[in-house]
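The whole structure should be built from the sequences, with the hints applied where relevant.
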Amino acid sequence: MSKIDVHDIIDNAGFTRFHWMVMALCALLLIFDGYDLFIYGVVLPAIMQEWGLTPLEAGALGSYALFGMMFGALAFGTLADRIGRKKGIAICFALFSTATIVNGFASNPTEFGICRFLAGLGCGGLMPNAVALMNEYAPKRLRSTLVAVMFSGYSLGGLLAAGVGIYMLPRFGWESMFFAAGVPLLLLPLIFWLLPESVGFLVRQGRHAQARAILRRVAPDAALADSGELLMSEGKGQGVAVFELFREGRALRTLCLWLAFFCCLLMVYALSSWLPKLMAGAGYSLGSSLSFLLALNFGGMAGAILGGWLGDRFNLSKVMVAFFVAAAVSISLLGFKSAPALLYLLIFIAGATTIGTQILLYAAAAQFYGLSIRSTGLGWASGIGRNGAIVGPLLGGALMGINLPLQLNFMAFAVPGAVAAVAMTLFALSSQRRRNAAPGAAVAAS
533 MSKIDVHDII
543 DNAGFTRFHW
553 MVMALCALLL
563 IFDGYDLFIY
573 GVVLPAIMQE
583 WGLTPLEAGA
593 LGSYALFGMM
603 FGALAFGTLA
613 DRIGRKKGIA
623 ICFALFSTAT
633 IVNGFASNPT
643 EFGICRFLAG
653 LGCGGLMPNA
663 VALMNEYAPK
673 RLRSTLVAVM
683 FSGYSLGGLL
693 AAGVGIYMLP
703 RFGWESMFFA
713 AGVPLLLLPL
723 IFWLLPESVG
733 FLVRQGRHAQ
743 ARAILRRVAP
753 DAALADSGEL
763 LMSEGKGQGV
773 AVFELFREGR
783 ALRTLCLWLA
793 FFCCLLMVYA
803 LSSWLPKLMA
813 GAGYSLGSSL
823 SFLLALNFGG
833 MAGAILGGWL
843 GDRFNLSKVM
853 VAFFVAAAVS
863 ISLLGFKSAP
873 ALLYLLIFIA
883 GATTIGTQIL
893 LYAAAAQFYG
903 LSIRSTGLGW
913 ASGIGRNGAI
923 VGPLLGGALM
933 GINLPLQLNF
943 MAFAVPGAVA
953 AVAMTLFALS
963 SQRRRNAAPG
973 AAVAAS
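Residue numbering for the sequence shown is 533 to 978, as defined by the numbering used here.
The hints are simulated quantities; they were obtained by calculation from the structure and are not laboratory data.
Possibly wrong hints are sitting among the right ones.
[What the hints assert, rightly or not] List time: in silico EDC-like cross-link candidates among lysine to aspartate or glutamate, alpha-carbon distance up to 16 Å: (1) K809 / E582; (2) K672 / D844; (3) K672 / D543; (4) K619 / D540; (5) K618 / E668; (6) K618 / E729; (7) K672 / D540; (8) K809 / E589; (9) K672 / D537.
Right under this line is the structure:
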């Protein structure tokens with residue numbers, strides 16, 4: 533019986549209609565995921581006024597969904613390995629959509645917070661599973677590009693939330709923003725029908741006929757005999773103790789990556805939660821303050837694609853240093869009175885260099901850690917970053933609570949960008965030093 537290497541078939545496949553479909557469906561899922569996460573920043577001014585929330589209380593309320601995301605990523609990642617990626621994604625999608633609809637009926641901050649936590653569970657579980665599915669089916673030469681394009685769906689969700697808010701908030705109230713989540717829930721049967729199951733899961737389950745049918749769609753030109761045995765070498769390392777991330781000269785760079793993840797997600801969620809409220813407090817109308825959220829997410833979408841392109845062509849660490857410096861400068865300047873065109877440009881750059889840089893950080897971590905410790909390295913870096921996401925809304929609430937001038941609020945949001953730039957500079961210098969030392973060590977050994 534002939535043996536068929538599943539990874540080899542997928543890695544060397546051409547770009548087909550099947551890849552278009554998977555990318556479009558995963559991007560669609562992330563659009564709804566992004567809508568659910570950015571919705572809080574859109575409704576924040578309205579619920580603060582209605583319930584008389586202090587800035588610190590509002591910041592804590594904004595962190596509930598992010599706590600849920602942290603737990604959801606752990607719980608649903610494990611569940612999807614057991615029941616299949618497709619069912620895991622469907623459960624997460626149904627959970628966050630339903631919790632968001634119920635959120636519209638909340639009559640007090642406690643009910644609101646519980647719904648946000650449940651929605652966060654679904655959002656946190658959906659994103660890594662969708663990314664993993666796209667990564668599994670993408671041809672090797674296009675993998676980073678397709679994942680970057682798919683990730684732009686997250687920013688599109690933010691755009692959708694701001695756009696819907698501009699129209700619906702003044703007409704129907706903040707509750708309507710959550711009821712609108714019922715529309716994507718109607719698409720669940722279609723998504724469940726079209727979305728393919730993980731081929732790795734099918735092979736592990738012994739469902740070789742279904743796996744072979746999917747592989748024929750992935751690579752129509754490949755000769756797949758019905759009698760051929762499907763084989764999959766494990767593409768990721770087994771879980772290892774965290775101290776392995778600090779061995780063989782990796783300690784400094786691991787800490788630098790963790791710090792950059794923390795700072796980047798802190799900036800993303802501080803801005804997405806508090807930008808409309810800060811701009812409304814600065815004298816802009818509700819519509820104008822929400823349009824700034826549109827510019828932030830347009831920038832995030834552009835930054836994700838541009839960052840992926842630059843990262844493939846130049847030194848990835850140096851690209852991230854430049855992005856973080858641009859983030860710190862652009863966010864600092866937001867607090868000063870500027871012409872409207874310049875203000876929108878600064879917000880666009882801030883979105884590109886914070887939301888867009890998330891993808892570059894994941895790529896850097898995947899390239900840095902070897903195969904045997906990659907899953908552990910990515911898991912810990914992402915977990916540290918989630919803590920930054922939780923701190924972001926809390927930091928914004930604390931700053932608003934002490935009534936700082938607008939300029940100082942934005943300067944405080946910019947500080948993590950400067951810290952992340954220093955961290956990635958140290959990462960790049962350490963990597964360069966290790967590369968320079970490697971040839972000398974090889975000569976000495978010979």
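A quick look at each hint next to the structure:
Restraint check for K809 and E582: satisfied, since their Cα atoms lie roughly 14 Å apart, inside the 16 Å limit. Our distance criterion of 16 Å between C-alpha atoms is met by K672 and D844, whose separation comes to about 13 Å. The suggested pairing of K672 with D543 holds, with an alpha-carbon distance near 5 Å, which does not exceed 16 Å. Between the alpha carbons of K619 and D540 the distance comes to roughly 26 Å, so the proposed pair goes past 16 Å and is violated.
At roughly 13 Å between alpha-carbon atoms, K618 and E668 fall within 16 Å of each other, so this suggested pair holds. Between K618 and E729 the CA atoms are separated by roughly 5 Å; this keeps the pair inside 16 Å, and the hint holds. Annotation: proposed proximity of K672 to D540 holds, straight-line Cα distance about 9 Å (limit 16 Å). For the suggested pair K809 and E589, the alpha carbons sit about 14 Å apart, so the restraint of at most 16 Å is met.
Annotation: proposed proximity of K672 to D537 holds, straight-line Cα distance about 14 Å (limit 16 Å).
The structure is inconsistent with hint 4 alone, although it conforms to all the rest.
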